[in-house]
Amino acid sequence: MEQAVQHLEITYKEIVKTFLHRKSELGLYEAQQFSKVLLEHQISPEELVSVHRAVLEELFPAVPEEVIDSFDLLLEVMMGYGLAYREHQSLRDRQLKLESEIDVAADMQQTLLPKAIPETDCLDIGVISVPAYKMSGDYYHYIKDEQGCVGIAIADIIGKGVPAALCMSMIKYAMDSLPEQPLQPAALLENVNRVVEQNVHDSMFITMMYGSYNTINHEFHYSGAGHEPGFLYRAAEDQFKELCAKGIVLGVSKKPQYREYSKKIEVGDFIVFLSDGVTECQVGDRFIEREEIVTFIRKYMHLSAQELADNVYRELASLQKFTLRDDFTLIIIKRV
Amino acid sequence: MEQAVQHLEITYKEIVKTFLHRKSELGLYEAQQFSKVLLEHQISPEELVSVHRAVLEELFPAVPEEVIDSFDLLLEVMMGYGLAYREHQSLRDRQLKLESEIDVAADMQQTLLPKAIPETDCLDIGVISVPAYKMSGDYYHYIKDEQGCVGIAIADIIGKGVPAALCMSMIKYAMDSLPEQPLQPAALLENVNRVVEQNVHDSMFITMMYGSYNTINHEFHYSGAGHEPGFLYRAAEDQFKELCAKGIVLGVSKKPQYREYSKKIEVGDFIVFLSDGVTECQVGDRFIEREEIVTFIRKYMHLSAQELADNVYRELASLQKFTLRDDFTLIIIKRV
Amino acid sequence: METQSCVEVKNEWGIVAARQAGRSLSKEIGFGSVDQARITTAISELARNIYLYAKRGEICLELVEKPIKLGLRKGIKIIAKDHGPGIPDIRQVMVDGFTTSGGMGAGLPGVERLMDDFAIDSQKSEGTTVTATKWLR
Amino acid sequence: METQSCVEVKNEWGIVAARQAGRSLSKEIGFGSVDQARITTAISELARNIYLYAKRGEICLELVEKPIKLGLRKGIKIIAKDHGPGIPDIRQVMVDGFTTSGGMGAGLPGVERLMDDFAIDSQKSEGTTVTATKWLR
Ligand SMILES: [Mn+2]
Ligand SMILES: [Mn+2]
Ligand SMILES: [Mn+2]
Ligand SMILES: [Mn+2]
Chain Z
1 MEQAVQHLEI TYKEIVKTFL HRKSELGLYE AQQFSKVLLE HQISPEELVS VHRAVLEELF
61 PAVPEEVIDS FDLLLEVMMG YGLAYREHQS LRDRQLKLES EIDVAADMQQ TLLPKAIPET
121 DCLDIGVISV PAYKMSGDYY HYIKDEQGCV GIAIADIIGK GVPAALCMSM IKYAMDSLPE
181 QPLQPAALLE NVNRVVEQNV HDSMFITMMY GSYNTINHEF HYSGAGHEPG FLYRAAEDQF
241 KELCAKGIVL GVSKKPQYRE YSKKIEVGDF IVFLSDGVTE CQVGDRFIER EEIVTFIRKY
301 MHLSAQELAD NVYRELASLQ KFTLRDDFTL IIIKRV
Chain L
1 MEQAVQHLEI TYKEIVKTFL HRKSELGLYE AQQFSKVLLE HQISPEELVS VHRAVLEELF
61 PAVPEEVIDS FDLLLEVMMG YGLAYREHQS LRDRQLKLES EIDVAADMQQ TLLPKAIPET
121 DCLDIGVISV PAYKMSGDYY HYIKDEQGCV GIAIADIIGK GVPAALCMSM IKYAMDSLPE
181 QPLQPAALLE NVNRVVEQNV HDSMFITMMY GSYNTINHEF HYSGAGHEPG FLYRAAEDQF
241 KELCAKGIVL GVSKKPQYRE YSKKIEVGDF IVFLSDGVTE CQVGDRFIER EEIVTFIRKY
301 MHLSAQELAD NVYRELASLQ KFTLRDDFTL IIIKRV
Chain Y
1 METQSCVEVK NEWGIVAARQ AGRSLSKEIG FGSVDQARIT TAISELARNI YLYAKRGEIC
61 LELVEKPIKL GLRKGIKIIA KDHGPGIPDI RQVMVDGFTT SGGMGAGLPG VERLMDDFAI
121 DSQKSEGTTV TATKWLR
Chain E
1 METQSCVEVK NEWGIVAARQ AGRSLSKEIG FGSVDQARIT TAISELARNI YLYAKRGEIC
61 LELVEKPIKL GLRKGIKIIA KDHGPGIPDI RQVMVDGFTT SGGMGAGLPG VERLMDDFAI
121 DSQKSEGTTV TATKWLR
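Chains as they are written, first to last, in UniProt numbering: chain Z, 1 to 336; chain L, 1 to 336; chain Y, 1 to 137; chain E, 1 to 137.
These are calculated hints, taken from the structure and not from any lab test.
Given the structure is predicted, the values throughout are model-derived calculations rather than measurements.
Glycine is no exception: its CB is placed at the ideal position from the N, C-alpha and C atoms.
Hints are supplied without guarantee of correctness; some may be wrong.
No more than 25 angstroms apart at the CA atoms, straight line, and that leaves these computed lysine to any residue pairs for SDA-like [stated by the list, open to error]:
(1) Z:172 - L:134
(2) Y:81 - Z:264
(3) Z:241 - Z:264
(4) Z:97 - L:17
(5) E:27 - L:34
(6) L:17 - E:21
(7) E:55 - L:34
(8) L:321 - E:93
(9) L:23 - E:32
(10) Z:321 - L:95
(11) L:97 - Z:158
(12) Z:241 - Z:268
(13) Z:97 - L:322
(14) L:23 - E:54
(15) Z:172 - L:17
(16) Z:172 - Z:141
(17) E:77 - Z:134
(18) E:10 - L:172
(19) L:134 - E:92
(20) E:124 - L:283
(21) Z:134 - Z:113
(22) L:115 - Z:199
(23) L:97 - Z:110
(24) Z:36 - Y:58
(25) Z:134 - Y:73
(26) Z:172 - L:23
(27) L:36 - E:12
(28) Z:36 - L:91
(29) L:172 - L:187
(30) Z:134 - L:34
(31) L:321 - Z:89
(32) Z:321 - Y:60
(33) Z:13 - E:32
(34) L:97 - Z:132
(35) Y:81 - Z:322
Among chain L residues calculated to face chain Y with C-beta under 7 angstroms, some are [what the hints assert, rightly or not]:
(36) 69
(37) 75
(38) 79
(39) 86
Bound-form chain Z, shown alone (with noise of 0.2 angstroms):
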């Protein structure tokens, strides 16, 4: 340390001696660089004053004395940025190692969604699920039973990062641990809200969606509580439709009762499931407007559901420069 100090000393007094001599955008451009190596080698500010100084005495030995002092009172003032420069050291290692931890919390959260679409002849699924930091607090899931439903759910925690996604594997298990037999979408919310009631902490909320896909009828029933509204496009008329659910978010009500809707669905229709992410996407000062998901939509409604996925979340991203302000989950069924 002393001994690169020392060395220092000598390569930024040639850099000074360089510099005062030429006078040249060179020299400033060598300081620059200077300054990385002191960087890399964890040198404080302060240092840099004090070895700044010993050159000035080496090269002007008839510079007044007092110009020499006036160094001691810069050293000192430099103090706190060579505090606040540690501090930074210290915080970066930590912050690394709480970045790294989330990383594998991150990773593991993405085993706890569904690894595959669920294949069936009439339907065409794509989802995409994007978390504005690293962990999400949406979540998604499938369930494909014996009598030809689909189920499909789509949650969402109320807040973000970490706690929310302490939440979202409670979603998890509150499915796993639901009855064998398939549930009808307002008994299933029923059942989950249960779970969330007994388990959450107050703070928290959760809205979700279910939906079962009857693969033989072609029967979509549906539940909400408190999610935001999907859509169901018509081939036939070409028209979007809002996909609304009323009930009340999971965790509040010990006893809350949800409504089941339901649609015929047609060959070329398909229903989109959103989280609040992809609709209260802020752009400039602006946020964007249902509509203009729909002109989304429909600018890719062509191609097959994951296409159709994965390029409206691509433009919605665009638009926001890549900084998602939610987490971001869209879900295509395609009746094809």
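Here the structure of chain Z is known, so what remains is to put chains L, Y and E with the ligands in place on it, guided by the hints.
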């Protein structure tokens, strides 16, 4: 900002003048206080260098031009520290946000632990569980059934921090989804293993110990899944015995068989369950021995179970200067 | 507004030339010596990024103006363009980039902190364009 | 070793006196000017902590020595003692204390970073003792 800097320049000039006049420690103390003001105003260090140069120019008009010019170079090198300083500010903001997220998550996690100790006539139970950092990878739980059995579970996720906490929540839901009728220790571990095996990331392992205390015949049945052995204190012999239970850690094998052990517990005896954070307590360069833990337990065993646990924690934490290297959980079950 | 001047960057001389152009223009516009150094550092980081990762590109500088309550506010706009490999994950670089961590784009968060406005556009194997502006106060 | 000298801290003059004593002793021991400033800053932070939160206390300074491969290594040991309210959660202060965050004990992580050895002992309403040593290299 420009104004703030101008104002600071005047203050700094006064400090420099007074200091050069008297060369006293008071002047340097003022410089240090001034440094705090700069940091409060988020003034970058390169700004300080520029202010210093301006003050020198004013105070010593006769100073050689080259000395003044040398500050161009110092300023340029200081830019690197200026960048580090700005980075520090944004890192701090991010870290504060992350920490407050983790605070909320840690708070949520606390709600996963049992709120009350089961009440019985013959047992005095005490517990202390302290995370190494904010979130814990240790878990404990009580189950009291109608047949007069009290079940006590302790589990330790291998790993710490956020990922371990996520995993810990799963153990909680696994326990919640157990069949209603009471299970024998071995069967319980086999059940929990099934959930863990299905849901947990391959890199995560969980050790667990479960014991069931029959308050009618005072038999204690227990099984373990790779967990740190506990202790059994025998009042009649005034001796501590190891409470070992062999078995593979959870999440590794699909169908493990756990062995069940049993002990008859007499009045004055007590059982100690612990996580390896208790025994792997590092003091300076060495790890503490299990015998030393016993010494501490003995020192406080005349107290109630809760006081005993609290005091052993206090002693061990103080030995480690309050820096726990692993989550710490200690449960005392005394027959009274 | 039309006074864009560009410097080609393909070696360290180009970096120094871009710095020199930035320092002159910012001085001309009326920036103080600390801000001149900040603008120059931002240019230097962008130019180095081009030199190290795209091999060649250019730094263009422009005097810009925007209306404020009383008259116009002047500023300097830096445009750094290259046709290099592009930055695969901009989000990653902008969030995780540390001053001293090295690697492609590591200096970008620093540039963002030194300047007032900052925008980046990068397409894989098509190159990167960074635009950064600092306004006179 | 026996040359412990103490300065009472009950006002800002006490802080300055403690700094002065620290600077002199560290100079005498042979520390360079940057290390002198670091040791003085550490003393200053500890003394200010006493003055602000415990109202009064003392800073004691000692020349210390420890054997190394070839002979002895000299160092300076600072002991800051008070009978103030104590620090309720040392773990909290040492982990979360930021240089500029203010509040009781906020300067302690900085002191730890400036010195080589650091220990703290605090009991609620009994006071705090901080011991910090820096070794001559
Ligand atoms: Mn959410
Ligand atoms: Mn949301
Ligand atoms: Mn653990
Ligand atoms: Mn452990």
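We went through each hint and held it up to the structure:
{"no.": "1", "hint": "Z:172 - L:134", "verdict": "24 angstroms, holds"}
{"no.": "2", "hint": "Y:81 - Z:264", "verdict": "54 angstroms, violated"}
{"no.": "3", "hint": "Z:241 - Z:264", "verdict": "13 angstroms, holds"}
{"no.": "4", "hint": "Z:97 - L:17", "verdict": "46 angstroms, violated"}
{"no.": "5", "hint": "E:27 - L:34", "verdict": "24 angstroms, holds"}
{"no.": "6", "hint": "L:17 - E:21", "verdict": "23 angstroms, holds"}
{"no.": "7", "hint": "E:55 - L:34", "verdict": "22 angstroms, holds"}
{"no.": "8", "hint": "L:321 - E:93", "verdict": "13 angstroms, holds"}
{"no.": "9", "hint": "L:23 - E:32", "verdict": "18 angstroms, holds"}
{"no.": "10", "hint": "Z:321 - L:95", "verdict": "23 angstroms, holds"}
{"no.": "11", "hint": "L:97 - Z:158", "verdict": "17 angstroms, holds"}
{"no.": "12", "hint": "Z:241 - Z:268", "verdict": "14 angstroms, holds"}
{"no.": "13", "hint": "Z:97 - L:322", "verdict": "20 angstroms, holds"}
{"no.": "14", "hint": "L:23 - E:54", "verdict": "30 angstroms, violated"}
{"no.": "15", "hint": "Z:172 - L:17", "verdict": "68 angstroms, violated"}
{"no.": "16", "hint": "Z:172 - Z:141", "verdict": "8 angstroms, holds"}
{"no.": "17", "hint": "E:77 - Z:134", "verdict": "45 angstroms, violated"}
{"no.": "18", "hint": "E:10 - L:172", "verdict": "54 angstroms, violated"}
{"no.": "19", "hint": "L:134 - E:92", "verdict": "11 angstroms, holds"}
{"no.": "20", "hint": "E:124 - L:283", "verdict": "24 angstroms, holds"}
{"no.": "21", "hint": "Z:134 - Z:113", "verdict": "15 angstroms, holds"}
{"no.": "22", "hint": "L:115 - Z:199", "verdict": "12 angstroms, holds"}
{"no.": "23", "hint": "L:97 - Z:110", "verdict": "23 angstroms, holds"}
{"no.": "24", "hint": "Z:36 - Y:58", "verdict": "23 angstroms, holds"}
{"no.": "25", "hint": "Z:134 - Y:73", "verdict": "40 angstroms, violated"}
{"no.": "26", "hint": "Z:172 - L:23", "verdict": "69 angstroms, violated"}
{"no.": "27", "hint": "L:36 - E:12", "verdict": "16 angstroms, holds"}
{"no.": "28", "hint": "Z:36 - L:91", "verdict": "19 angstroms, holds"}
{"no.": "29", "hint": "L:172 - L:187", "verdict": "17 angstroms, holds"}
{"no.": "30", "hint": "Z:134 - L:34", "verdict": "40 angstroms, violated"}
{"no.": "31", "hint": "L:321 - Z:89", "verdict": "23 angstroms, holds"}
{"no.": "32", "hint": "Z:321 - Y:60", "verdict": "23 angstroms, holds"}
{"no.": "33", "hint": "Z:13 - E:32", "verdict": "19 angstroms, holds"}
{"no.": "34", "hint": "L:97 - Z:132", "verdict": "14 angstroms, holds"}
{"no.": "35", "hint": "Y:81 - Z:322", "verdict": "20 angstroms, holds"}
{"no.": "36", "hint": "69", "verdict": "11 angstroms, violated"}
{"no.": "37", "hint": "75", "verdict": "6 angstroms, holds"}
{"no.": "38", "hint": "79", "verdict": "5 angstroms, holds"}
{"no.": "39", "hint": "86", "verdict": "4 angstroms, holds"}
Hint compliance for this structure: hints 2, 4, 14, 15, 17, 18, 25, 26, 30, 36 are broken, all remaining hints hold.
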